[in-house]
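As given, the protein sequences belong to chains A and B, one line each in that order. Just so we're aligned: 26 in my numbering is position 26 of the first sequence, and the numbers increase by one with no gaps anywhere. Just so we're aligned: 391 in my numbering is position 391 of the second sequence, and the numbers increase by one with no gaps anywhere.
It should be emphasised that the hints constitute simulated quantities derived from the structure, not laboratory data. Honestly, I wouldn't trust all of these hints.
Partial list, derived from the structure: chain A residues whose beta carbon lies under 10 Å from chain B [unchecked claim]:
hint: 1; residue: Ala19
hint: 2; residue: Ser20
hint: 3; residue: Thr36
hint: 4; residue: Ser46
Covered stretches of chain A (chain B as the covering partner; in silico rule of three or more C-beta atoms under 8 Å from a C-beta of chain B) [claimed, not checked]:
hint: 5; stretch: 39-45
hint: 6; stretch: 52-66
Yeah, the Cβ is synthetic: ideal placement off N, Cα and C, and Gly gets one too.
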Amino acid sequence: MIKEKVTILNENGLHALPASRFVKQAEKFKSDITITKDGVKVSGKSIMGILTLACEKGSIVLLTTDGDDEKEAFEVLKKILEGQD
Amino acid sequence: MAKERILKGIGVSKGICQGEVFVYETKEVKIVQTPIPARYLATEVERFTKALQKTEKELSSIKERINAEIGVDFAQFLDAQILMLKDREIIESVSERIKIEKTNAEYVYHKVLDEYAKKLGASRDQYLRERVADIWDVGMRVLRNLLGMTHSSVVDVPQGSVLVAHDISPSDAALINPNNVLGLAIEVGGRTSHTAITTRALEIPAVVGVENLLAKIKNGEKVILDGNRGILIKSPTPGRIQFYRGEIKKEIEYQKMLSPFCELPAKTRDGRQLDISANIEFFVEYSHAKRSGAMGIGLFRTEFLYLTRRGNPSEEEQFRVYDELAKKMKPDPVIIRTYDLGGDKIFSDYHEANPFLGWRAIRVSLDDFDFFKIQLRAILRASVNRNIRIMYPMISTYEEIQKARVYFKEVTEELKKEKVDFDDHIQVGIMVETPSAAILSNQLAAHVDFFSIGSNDLTQYVLAVDRGNERVSHLFDHFHPAVLRLIKQVIDAGHRSHIWVGLCGELAADPSAIPLLVGLGIDELSMSPVAIPRAKMVLRALTVPECEKIADKALNFRCASEVQKFLNRMIAKKFPGIGGIK
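Only chain B is shown next, with the shape it has when bound in the complex (with noise of 0.2 Å):
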């Protein structure tokens, strides 16, 4: 019996799964050239055809999916793939030199695109010369097909599979089916890529950033996934078989306890209304938010329009997106966060030194009046639905709203020009995340509609903690008690300007935080939607002057393990069958 072992990595989707590895290698396309006897040429021209046909069915079949994933005609940005597969010069240049030249297809088909990237590669214009990987996307899967090369598909994978890739592509990702693919483990990426992004939406386990893991793993193995945990186990014990078979009876059991209170109402034991909202990535994700007793999305992470497809999304896709997702919600509010990347996912050669403090989210957006109009144009048509509110992420000064203002006028100004129906009172909103924000909620409380405070962020701005740094992930700890203060200003502030202020990061989802939060006069709470009928359970326990002194007292330690120390008693002592609620 081959030894266990436990390979680590970053848990982006929790969940646990057994199953058997199906390793996915896109293998490298080596191109020959080899001379074709006259009387085999037309054969040669019907295998390039063929190939040709089987790439154009692969292709709208990835449409589809992508298409059905994000639940409206997105995937636009592959009609231009397709017309590149079927293009008239390309397809009759390619026959034309198989003859002539007497050499395989793979060769002149391959020399031709060649010429073309190259031209299009010494284009001024940058969009252009993103095109050429375009190309290669259509060619190298051409090739791949003229070639014979079975890329194991995505789509392919067996029942009962935990697929291991060193990384895998946006438009592969798409393909992934959750009912054949029980969990996802690969070499790259972080917390936020795209795999973390898909893999939360189809709810299946995910562990990224596992080193050298094909050299560890072979195809077939049996192993478990830790979503939770962040590891795969190969050749698990019968004892830690056992013991997962216990957690994952634990996750069931403890799941049916919690699903009557996705029906029930957010309130206090004393009639304290809550908005529970959600956090969702994907349009397809509103579902499931609707299920877990969501009463609106309370942060629509826009992110993945950027990141499924090469170039920006059109004001068209991203509306489609947007009124989709207003519709499917209505009367419930969704609230959309602008553009929260760093400036490097739109601008392919920009790099900087410390993104986290650098050039990202609001201040791309309010140093590209164009491409920012995109958005909110978008978002202001999908507003006639009467349910959207807009949402800047990381605000840091008074000019940066005073800015947005400006910009979100002029666009407002264009759509009545052009006689287009938008909401007039539309709510505009800030995440409070940055530490001047929160130092300044007060005077910025008189130009917004409301806060929601992104904790997560502000965590690490006030800490001056990289999470994702190992040597100091430790000291990131959202119940300091110096966060905690931040956040009891903000909402002070917020209501003494009669706007809300809600709080969306992962504290949100921390049953421990919810009395502390409610104590604090937190009027929405947004999470993922998995944590909503747990939230709903611990809200429904509690009074308000109770939460309200735990509030007071947890704000006066000094560190925030005295703080977690306190709010686990309590908890405990609330909940005592729960034991260690997650």
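The following block holds chain A by itself, in its conformation from the complex (with noise of 0.2 Å):
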């Protein structure tokens, strides 16, 4: 399992766009993907979980990928929380 600590620094924070770009890369992997901001968890796969997480410009999340793919996983879904995608 990989985990940790992402600063998003995508322009919009993670809404609508930047959200279905993550969600539709993390259906991609096998591994159980996880994000967790303010004690609150959500699947990485669900885009309704993470939008009500309303993670603005520079709020810092737990990104947790789990699974035979996790590395890869992680490096991808790590860039899109960043705006580097």
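From these two lone chains plus the hints, build me the complex, please.
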């Protein structure tokens, strides 16, 4: 399992379009993916969950990936959160 | 035989059609809680899954239609809706709770959505709060499918229908099939509503703002819809039908007579060349513009980008539309007008008492650089095609031009830093539509690459007349000598500074105005594609000296009706065969 704090650097926070991209990418991986913010944990494969976290630019979240492809998953998803995709 | 009745509205898209009424209604969704016996719980979950699948199909087809209409992948906002629909958290939680609570799918689904909607609705972030509408958009579709409600879909309208509704949502409007829907009449809406824009793009007649329409009309009734006069005729008399048959025939013959002019150059008899270009709102209209013989797009309205969706279009979404249009029109120019709506269209909690004198168009853009920047970047990126021009609407002071220039420069420097290619010599012009810009045009001309006179707003502001107000709209007349004198001033000022001057209001499409405008020295006329062949026909019958004489005389009348009488007489003499060309 990979577990690391990531700062949301995406210009608009993790809003609908980046959130859509995040979920679409997350779904491609077999690993379990979660995002935790302020003690609330949601599935990284659920757009509704992610939206309800209300991640603004600058907020810090805990990204975890757990499974066979956890390494690739973490790399790809971290980039989206950091607005570098 | 039923008695004939004429229902009045506002004609927003021209044309006449005769057909049967198809009433389009979106019924209210009522949710009731029903207990489900244990042995049927699995079936209930399955029913829920099937409703989701059906909804996904619907959303995908809407997305396809919108993309086809706009011509590029613009409907990305529907992707977010599809993801919401397929959201695992929701599906799992609903399926589980159906089983635990032994309750029907509609009730549980509605409750789960409501919880999410409440969470988002309480967010400090406006963007997230607005997503609540998306949740319910998707949710209502699923609930209607669960309840087996036949939402009479716009897609299923039978051939030969006149669509009648209280209102049509943007995503529904995008589904209208012009092969089946002959025309559209709705209770709400105004001249610039989304419906008006869509129907004009589809080239079907439309009448909006018909009060109590649904109470007065029934499914299957025979009607005539007259978009020219803004009326819907219920149970027309044989005499009326006869009259409209004649009208339709005349219209067809008239178009036939005009069609050869599409191909011909826009030149006066003595060789003065004019640029005749097209005003369009939708990407797809470019082909109509080309067919009609337009020499470019003189006004690309970008409002639909903001109206067909919730939230603001991203840079990428805008870029794709601008880039595609530029490619299709190459090498002819495309003038893109920046945001020209009121502030209320993007900031949902913003209202004002006097919108025409309020926070709109360039004023909104200049107050919110983050917002403006997205559009500027998209336009500039598309300018690699080397045929794009930028136009700012509603400029009223020199400082606005200066401020726009500062922002523009900042954006170009950013693009250079990112090594993004754009047209370094892109023309940047302004619409002259406020009295102050017209009066000071000699000062402003040195700071822009062109003027395009927006005659509709200029007339409204100069004459202090709201044309939407029935009691005063008769005072609105773009032939008013006060308006014409200002137009002359603007053209002269532009030419003294060696910039070109165009006109893109309804005046440009009025045949009797063409000799006048040519006489004043206009360089470009931009009009709806349909008016282009007629404008060319008129232009090709004129000479510059006679136009100059006409303009000279027109400017010295006391009132609009004197000008109009004079111009009509002149046109009737010049084109005796045509009688009243519209």
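Exercise. So which of the earlier hints does this model not fit?
Worked result: 3
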